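Asks: Sequential numbering from 231 applies to the sequence shown in the numbering used here.
Simulated from the structure, these hints should not be mistaken for lab results.
Have a look at the derived ranges for each label pair, beta carbon to beta carbon:
1. Glu249 with Gly286: 51 to 61 Å
2. Ser285 with His263: 25 to 35 Å
3. Pro247 with Cys281: 44 to 54 Å
4. Val283 with Glu249: 48 to 58 Å
Fair warning: this is a prediction, and the values are worked out from it, not measured in the lab. No residue lacks a Cβ here, since even glycine has one placed at the ideal position from N, Cα and C.
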Amino acid sequence: MVSNSDQSRSGDRETLPLESLITLQCFSDDLAHITQCLQTLGELQELVSTCSVLSG
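Can you make the complete structure from the sequences, with help from the hints?
Replies: Spelled out as structure tokens, the structure:
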């Protein structure tokens, strides 16, 4: 039973390489966007902290 599922999985990998690559590329693009947003949020947090210190 395990060998059957292994065979079907490898078959899927062989029959859908383009879809898998497109999915991976979209996922990679999403991760890059999320990383950029997190960096921007970090910069905003630093700015807010600086303003709080200056006004306090």
